[in-house]
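Chemist: Letter by letter, the chains look like this.
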Amino acid sequence: MKIDEKVCIGCRACSAISSSISISEESDVRSITFHPHDESMTDSLIEACPAGAISSGLTAESITLIFRMKRCSVCGEPFATEREIEHVAARISQMQDFQKRWLDLCPECRRDGQRRSHAVPCIRIRGRR
Amino acid sequence: MMAKIYLDPERCIGCRACELACEREHGHPRISVGTVSDLAAVPLYCHQCDVAPCVAICYTGSLRQDGDMVKFDSDLCTLCGLCLVACPFGAIELDSKIQRCDLCGSGTPVCVMTCPAEALVLEDLDTVTRSTRGRAAGLLAARLR
Amino acid sequence: MISRIPTVCPYCAVGCGFYLTRSGMEYMQDHPVNEGSLCPKGNAALDVLNHVERLRYPMMRVGGDWIRVSWGEALDRIAEEMDRALRERGPKSIAFLGSAKCTNEENYLFQKLARLMGTNSIDNSARRCHSPTIIALRRILGTPAMTNPITDLALSDCILVFGSNLAENHPVVARWILRAKDRGAAVIVADPRVTPTAWLADLHLQLNPGTDIALINGMINVILREGLESRSFIKDRTKGFEELDVSDYTPERVSSITGLSAGDIVRAARLYARARASAIVYCMGITQHSCGTDNVTACANLALVCGQIGRPGSGILPLRGQNNVQGACDMGALADFYPGWRSVDDPMAIDELRRLWNAGTLPLGRGLTADMMPDADLRFLHVMGEDIVNSDPTVSRRREKLRRGFMVVQDIFMTDTAKLADLVLPAAAWAEKEGTFTSTERRVQWISRAREPPGEARPDLWILAEVAARLGFELPSDPEEALAEINQAVPAYRGISRSNAGARGGIIWPCPHPDHPGTPVLHTERFSTPEGRARITPVHHTPLERGSPEHPMILLTGRVVLHYNSGSMTMRSEGLVKRDPESHVDVHPEDAEQLGVADGDAVVVETEWGRARARARVTPRQKRGTLFMPFHFPETNMIASELLDRKSLMPELKVAACRIWRGE
Chain A
203 MKIDEKVCIG CRACSAISSS ISISEESDVR SITFHPHDES MTDSLIEACP AGAISSGLTA
263 ESITLIFRMK RCSVCGEPFA TEREIEHVAA RISQMQDFQK RWLDLCPECR RDGQRRSHAV
323 PCIRIRGRR
Chain F
100 MMAKIYLDPE RCIGCRACEL ACEREHGHPR ISVGTVSDLA AVPLYCHQCD VAPCVAICYT
160 GSLRQDGDMV KFDSDLCTLC GLCLVACPFG AIELDSKIQR CDLCGSGTPV CVMTCPAEAL
220 VLEDLDTVTR STRGRAAGLL AARLR
Chain S
104 MISRIPTVCP YCAVGCGFYL TRSGMEYMQD HPVNEGSLCP KGNAALDVLN HVERLRYPMM
164 RVGGDWIRVS WGEALDRIAE EMDRALRERG PKSIAFLGSA KCTNEENYLF QKLARLMGTN
224 SIDNSARRCH SPTIIALRRI LGTPAMTNPI TDLALSDCIL VFGSNLAENH PVVARWILRA
284 KDRGAAVIVA DPRVTPTAWL ADLHLQLNPG TDIALINGMI NVILREGLES RSFIKDRTKG
344 FEELDVSDYT PERVSSITGL SAGDIVRAAR LYARARASAI VYCMGITQHS CGTDNVTACA
404 NLALVCGQIG RPGSGILPLR GQNNVQGACD MGALADFYPG WRSVDDPMAI DELRRLWNAG
464 TLPLGRGLTA DMMPDADLRF LHVMGEDIVN SDPTVSRRRE KLRRGFMVVQ DIFMTDTAKL
524 ADLVLPAAAW AEKEGTFTST ERRVQWISRA REPPGEARPD LWILAEVAAR LGFELPSDPE
584 EALAEINQAV PAYRGISRSN AGARGGIIWP CPHPDHPGTP VLHTERFSTP EGRARITPVH
644 HTPLERGSPE HPMILLTGRV VLHYNSGSMT MRSEGLVKRD PESHVDVHPE DAEQLGVADG
704 DAVVVETEWG RARARARVTP RQKRGTLFMP FHFPETNMIA SELLDRKSLM PELKVAACRI
764 WRGE
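Chains as they are written, first to last, in the working numbering: chain A, 203 to 331; chain F, 100 to 244; chain S, 104 to 767.
Okay, chain A solo, but in the shape it has when bound:
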């Protein structure tokens, strides 16, 4: 297989299928390492890749791609690669009614925001009593 590093968004799909692809995260970066590969897997990898970054071909050496992580705008925790966010943003911008502001937040802070939207009116009403 061959990997196009300009197209790869650094998601987890290929590493979930193949044990020759390893993924690790360290503070601000996610690294994905592609080791030389049993070519019989290539077709399923091509099919699994959401970005179309994988094609057939031979690689003799391991290569490691490094992706910058996006930090949550509220808590500062890294939660996804910047390219994943761009990829998702591009897809959902085609949907109507979406402001996409939540894409700056990690899942925990999104949950928190959602909880607040339920809780704050309740707290306001009971605070008045």
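Result set (DSBU-like, lysine-lysine): computed pairs, CA atoms no more than 30 Å apart in a straight line:
| id | chain 1 | residue 1 | chain 2 | residue 2 |
| --- | --- | --- | --- | --- |
| 1 | F | LYS196 | S | LYS681 |
| 2 | A | LYS208 | F | LYS196 |
| 3 | F | LYS170 | A | LYS302 |
| 4 | A | LYS302 | F | LYS196 |
| 5 | A | LYS204 | F | LYS196 |
No lab work stands behind these hints, which were simulated from the structure alone.
Assemble the complex: chain A is given as a structure, and chains F and S must be docked to it using the hints.
Modeler: Chains F and S in isolation, oriented as in the chain A frame:
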């Protein structure tokens, strides 16, 4: 209109029975209770969005819109994790597989059945709106008496 | 093969039903109390049943080791040791601890065994939850129990909750309070902390700890001044009203004692007295004080003055703790009561039992309560299903003294109490045996055997019958036979049988004959005191004065939703422990800042009774000047107070003067 899980935040007592029930049923809780300002507890779970970002991002058809519900087929899932990034509510988690509320398949979901406070209900939107309005009106009438 | 077997939750006293299936559980939507719902502990109930640490064989302590012994050997040894203690030191040297988690039949036979051996030294954990309720409500109303069923709360127009965090400790009760709120009922919660229960309230009275009597007398003061009392009820149904003088308890003075605004006191009084049907719900925030019996008395006075008792939705509801704490007390597993609430000081009443039991004489006078056992010169102690070391502070600190004599513990796990014993017997858990449990609302429910006990574990009833046989008398090992004897010994249970208790939702006592439908609401026509009237009894506020320069803060104790009592069950439940893994102490943000304590810090809490480590949780839910620690963790018990309510021997577990600092 299909029935979904609705929350009455005024009722939740924060006991986390829904989490325990969901965990027993599915091996991993797909609902999580958190407390805001140390006062109001709110369980959080998949809303079965009518226009769902997780469906929009899913390129395998694993997540798909089915009527006004979101259905998930784990056989098609690549575990890419993009639906976690797309979900506005943080209602999808990934352990060895995608963990997201599927309304327990059919019948009443266990979180709704177990909720001691009747804070979670399985209803269609019209019924929920009607009963919330009815309750508010009844309450107002009772207070005026 | 029946695919699902109905059972009753083994945790709190609400008495929720669910089904056991071959591999798990199913909700029981037609149960009258829980309607299919369950709290988190109920959802985790099976974790205990299937736990790898269940005791499987009888074990004897030899030196520092445990060796497996046969049942025959174990039972012979118990009989031998009990007999030796009796011969050498007499009945004062033996004692028994029953269990509010064992069935009625087991507790009945256990206390019978104790009494036939000549001692009233038998107690159960009700001592530490509602002994003041037993003393006060028995004297004032005639029956020491909840007057109305839980579901009745939905019919109330005003619910006054004193010292109960039911949203955490009896979550299913909240269901019925919310139903009342849906109808427009006012919910008033008196608690020093902003608990999840207080969060549901329309009016939260965040009073100073230990000022309940002042608040209640203040409410009665307002009620009398505004003429909101029920004159006809006072005249026809009560006595002692003339002696009730609350003129000192003006809202202004009560405001200065309780820290509440005078307006809130007046508002609470009016809401309670004016409502068509008002209910008082209370729990250990009322009972676990050195004035616990007086606190309960004050609650009863308030209800009686307003005539808020004896009607649907109107009554006094003490919420009890364990699945069978009401039953264990009804069965007389208490140092001061024989079965059927016969006082140990009433020879006439006891004589009925003497004849029923065919006994020569039966002991009179109060026996040892759990608190007294470590300091008594005991030669034999038999504990059935009670982790006394982790539930009673006095015993906790003097645990080594418990083992001066021979000690037997029968339980489902190797609890800290069992670790002290000479002999440990594996008992069957709730779903592995048969019998009845009586919930907090007097609901008696029969549970069927749904699982095989692990290893050689046996039902407690079998164990007791085998011990008795070796001592030369016969106790039934069949629960139905034992229940038939209870029919004779406990008047309120006269008509209770496997068939009516085994029907969906069981039956609510008193049930005087087999065809009787049960009695959900008590005191509708007359009270069960000898004269048929309720006895209004004046009580007065005494300042707590627990603080000192060394210990300027007040430590409050209580429970949390994910754990249960001593923790011997919930601490073995993975789903519960991972959500609430360690002891914590709640601190108000302003106190925390002053003390230099931050959220998550390791802290030490010190009372005059000892020191405990915990993790600080800074929260505005806590009242300034107070701390809160859950008592499920052994640390809390090590520092709780030993002061007693002299009337009920309840320890003052709710409050202790303390200080806190950051450190390991």
